[in-house]
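There are 2 protein chains.
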Amino acid sequence: MTRLRVAFLGPLASFSHQATAESFGKISADLLPHASFAEAFAALQQKAVDYAVIPCENSTNGSVVQTLDLLADRDDSYRDVTVCGEYYLTVHHCLLARKGAYPGGWAGYDGSITKLYTHPQAWGQCETFLSRYFKGVERQDVSSTSKGAEIVSKETDEKGGAIASRFAAEYHGVDILQENIEDRADNTTRFLILRNVLAERTAQLEFEQPNPPTLDDRPTLETTHKTLISFTIDHSSAGALANALIIFKSHGLNLTSINTRPSLKKPWQYIFFVECGRTPSDENKDAVHKALNDLRQVTETCKDLGTWKDQLSANNA
Amino acid sequence: MTRLRVAFLGPLASFSHQATAESFGKISADLLPHASFAEAFAALQQKAVDYAVIPCENSTNGSVVQTLDLLADRDDSYRDVTVCGEYYLTVHHCLLARKGAYPGGWAGYDGSITKLYTHPQAWGQCETFLSRYFKGVERQDVSSTSKGAEIVSKETDEKGGAIASRFAAEYHGVDILQENIEDRADNTTRFLILRNVLAERTAQLEFEQPNPPTLDDRPTLETTHKTLISFTIDHSSAGALANALIIFKSHGLNLTSINTRPSLKKPWQYIFFVECGRTPSDENKDAVHKALNDLRQVTETCKDLGTWKDQLSANNA
Numbered sequence: 001m002t003r004l005r006v007a008f009l010g011p012l013a014s015f016s017h018q019a020t021a022e023s024f025g026k027i028s029a030d031l032l033p034h035a036s037f038a039e040a041f042a043a044l045q046q047k048a049v050d051y052a053v054i055p056c057e058n059s060t061n062g063s064v065v066q067t068l069d070l071l072a073d074r075d076d077s078y079r080d081v082t083v084c085g086e087y088y089l090t091v092h093h094c095l096l097a098r099k100g101a102y103p104g105g106w107a108g109y110d111g112s113i114t115k116l117y118t119h120p121q122a123w124g125q126c127e128t129f130l131s132r133y134f135k136g137v138e139r140q141d142v143s144s145t146s147k148g149a150e151i152v153s154k155e156t157d158e159k160g161g162a163i164a165s166r167f168a169a170e171y172h173g174v175d176i177l178q179e180n181i182e183d184r185a186d187n188t189t190r191f192l193i194l195r196n197v198l199a200e201r202t203a204q205l206e207f208e209q210p211n212p213p214t215l216d217d218r219p220t221l222e223t224t225h226k227t228l229i230s231f232t233i234d235h236s237s238a239g240a241l242a243n244a245l246i247i248f249k250s251h252g253l254n255l256t257s258i259n260t261r262p263s264l265k266k267p268w269q270y271i272f273f274v275e276c277g278r279t280p281s282d283e284n285k286d287a288v289h290k291a292l293n294d295l296r297q298v299t300e301t302c303k304d305l306g307t308w309k310d311q312l313s314a315n316n317a
Numbered sequence: 001m002t003r004l005r006v007a008f009l010g011p012l013a014s015f016s017h018q019a020t021a022e023s024f025g026k027i028s029a030d031l032l033p034h035a036s037f038a039e040a041f042a043a044l045q046q047k048a049v050d051y052a053v054i055p056c057e058n059s060t061n062g063s064v065v066q067t068l069d070l071l072a073d074r075d076d077s078y079r080d081v082t083v084c085g086e087y088y089l090t091v092h093h094c095l096l097a098r099k100g101a102y103p104g105g106w107a108g109y110d111g112s113i114t115k116l117y118t119h120p121q122a123w124g125q126c127e128t129f130l131s132r133y134f135k136g137v138e139r140q141d142v143s144s145t146s147k148g149a150e151i152v153s154k155e156t157d158e159k160g161g162a163i164a165s166r167f168a169a170e171y172h173g174v175d176i177l178q179e180n181i182e183d184r185a186d187n188t189t190r191f192l193i194l195r196n197v198l199a200e201r202t203a204q205l206e207f208e209q210p211n212p213p214t215l216d217d218r219p220t221l222e223t224t225h226k227t228l229i230s231f232t233i234d235h236s237s238a239g240a241l242a243n244a245l246i247i248f249k250s251h252g253l254n255l256t257s258i259n260t261r262p263s264l265k266k267p268w269q270y271i272f273f274v275e276c277g278r279t280p281s282d283e284n285k286d287a288v289h290k291a292l293n294d295l296r297q298v299t300e301t302c303k304d305l306g307t308w309k310d311q312l313s314a315n316n317a
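Each protein sequence line maps, in turn, to chains A and B. Residue numbers for the first sequence follow this note's numbering, beginning at 1 and rising by one. Residue numbers for the second sequence follow this note's numbering, beginning at 1 and rising by one.
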C-alpha cells in the first residue's frame with residue numbers, strides 16, 4: 001500500500017502542520033501543505049489526498065467561519081467530504097532566537113533583542129510576557145509564526161527574536177529562550193480530520209488519536225461519539241428551529257455545540273451546524289440514524305457531516 | 001432638553017455613520033464617531049452618550065463577533081447597556097472620482113483611472129464590475145471606504161478612483177461615476193441601537209425606524225417584537241442546552257437566531273445568544289418575562305439584553 005497523503009494549511013511548521021504530525025504520528029504518511037482551506041477540501045474531494053486536518057474552533061477566539069463555510073458546501077463542491085476524527089492542540093508559544101545567539105539561554109539573556117517577529121494574533125496571546133520583558137521593542141508582523149522562526153534562523157548580524165511553537169523552533173533549527181510565554185495556558189484549537197466518504201483507502205482505518213489533550217477539560221459526561229449535522233429550515237414557519245432541535249433530545253442525543261452561517265440564498269436565513277454527542281449504551285445505537293430521518297421531516301435541507309470518536313469524553317480518556 | 005448624543009464607529013461617513021444618520025434622521029441628535037465598538041459601549045455605560053448604533057450581523061459575512069463579545073460582557077463592564085432598536089442598511093457601493101475630473105460621468109469615462117482605493121472587504125464585494133472595467137488597475141487598501149473617498153477628494157494631478165457609499169461621496173464632495181457596482185444587491189448589515197437602561201433621557205423615547213428596509217426580505221410571520229437573551233449552561237449535564245431552548249417554544253416565542261461565543265472560563269463552554277420573536281396576540285404579553293423565569297431554573301447565568309420592534313416583520317411594514 002502506498003503511503004497515506006494528508007493535507008494541512010501551510011506553511012511548513014505551522015500549527016496545522018503540528019496538529020497533523022501529532023494526530024498522524026504513529027501512521028506512515030506524507031504531510032502536504034496547502035495554500036488555503038479550500039484547496040485542502042478540493043484535494044480531498046478529488047482524492048488527491050486521503051485526509052485533511054482543518055482547524056474548526058479555538059477555545060478563545062471561537063469558530064473558524066471559513067471552515068464552516070466550506071462544510072456548508074453551498075455549491076455542492078465537496079459533497080463527499082466527511083468528518084472522521086478530531087484533534088485538540090494546545091497552543092504554546094516560545095521566544096526563539098538564532099542558534100547560538102544566546103548561549104546562556106534565558107537565564108543569561110542580556111536584553112539585546114531589538115526586533116520581534118510573529119503572526120499578528122500571537123502578540124495579543126503573549127501580552128503579559130511581552131509587556132514585562134520587551135516593552136518598546138519593535139514588532140514586525142509576519143504571515144505565520146513559522147515564518148517568524150524562519151526569518152530569525154537566517155539572520156547573521158541582526159538581533160531578532162520570534163514567537164512561535166516548539167515545533168517551529170525544531171523545524172527551523174533555532175534556539176528556545178523561553179517556553180510557554182502565552183497568557184492563557186488553556187488556549188486550544190480543535191481540528192477536524194476529514195476524509196472522502198467514497199475513498200476505499202481510508203474506509204477501514206479507524207482514526208485513533210495518539211495524544212489525548214493534556215488539560216483537564218473533559219466533561220464528566222460519558223459521550224463517546226460525536227456527529228455533525230447541518231440543516232436549513234423554513235424561516236417563515238414559527239417554531240421550525242425549536243422543532244428541529246427538540247428531535248436531538250427526543251433521541252437521547254446531547255447537543256454539544258450550535259453554529260450558524262448565512263445561507264446566502266436570502267438574507268437572515270441560516271445554515272445551522274449542530275454537533276451532538278451519543279452515550280455508548282446499547283438502546284440508542286441507531287439514535288443518529290433515527291434523528292436524521294426525523295430531521296428530514298422538519299427541515300428544508302439536512303446533511304450528515306460525519307461521526308467520530310469524541311476525544312474529550314471520559315470514556316476515551 | 002439638550003440634544004441627544006449618539007455614538008457610532010468612525011471615521012465620519014462610514015457605513016456606521018450612515019446607519020446612524022438614517023436611523024436618527026428625524027430626531028435632532030449629535031452623531032459622535034468613536035474609535036472602537038468597546039469605546040462606544042463604554043461611553044454608553046458612563047452615560048457620556050444616549051445611544052450607540054453598532055453593527056451586529058451582515059447578511060453575507062455573518063455575525064460580528066466583536067459585538068457579541070461586548071454584549072457577552074464577561075467582566076460586567078457594560079451591565080446597563082440594553083438593545084432598544086435595530087436598523088437594516090443595504091450596502092451599496094459607488095465608483096467615485098475627484099469633483100469635475102470626469103465631466104461626462106460614466107458615459108464619457110475614458111479609462112484613465114490608474115489607481116483605486118477602498119477597504120479590503122469592498123474589493124471582493126465589487127468583483128464583477130472591477131474585473132470588467134478595471135482589470136490590472138493598481139489597488140490600494142485603505143482603512144475604510146470613507147478614507148478612500150477622502151483621498152480622492154484631495155487629489156490634484158493623480159487619476160484615482162474610490163469605492164465607497166453615496167453617503168461618503170456626498171460627505172467628501174466627490175463625483176459618483178457609477179452607482180450600485182456591488183455583486184450582491186441584497187448585501188445588508190443589521191445594526192443594533194443600544195441605550196443605557198438607567199438613563200432617564202432615553203426611557204420615554206420609543207425608537208421608530210424612519211426608513212424600513214427596501215428589499216423584499218420580510219418573512220410572512222407576524223412577529224412584531226424581538227428579544228435578545230444570553231445564557232450559559234452546565235455543560236456536564238446532558239440535555240441542558242435542549243432544555244433551555246425548549247422553554248422558548250413552550251411560551252410561544254419563535255427562535256429567530258442563535259449565536260455562540262467562548263465563555264473564556266473553561267474551553268468548549270459557551271455563552272449562547274438567542275433571539276426570539278413574539279407575535280402581538282394578547283395571551284402571550286408576558287411570554288418573555290415567563291420564559292426568562294423558567295430559563296433561570298435551567299441555566300447557570302441568564303441575561304435579558306433587551307426587547308425592540310422587529311423591523312423585518314410584516315406588522316411593521
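Keep in mind that the hints are not guaranteed to be accurate.
Identical chains blur together in the list; that is why a pair holds if it fits in one copy or across any two.
[What the hints assert, rightly or not] Here are the computed lysine-lysine pairs in the BS3-like style, where the Cα-Cα straight-line distance is at most 27 Å:
hint, residue 1, residue 2
1, 47, 154
2, 303, 290
3, 266, 249
4, 309, 265
5, 266, 154
6, 159, 249
7, 159, 290
8, 266, 309
9, 290, 249
10, 309, 115
11, 285, 99
12, 99, 135
13, 115, 265
14, 303, 159
15, 249, 115
16, 99, 249
17, 265, 285
18, 135, 47
19, 99, 303
20, 285, 154
21, 265, 47
Everything labelled a hint here was simulated from the structure, so no lab data went into it. Bear in mind the structure is a predicted one, so any value in this text is a computation, not a measurement.
Q. Which of the stated hints cannot be reconciled with the structure, identified by number in ascending sequence?
A. 1, 5, 6, 7, 10, 11, 13, 14, 15, 16, 17, 18, 19, 20 and 21
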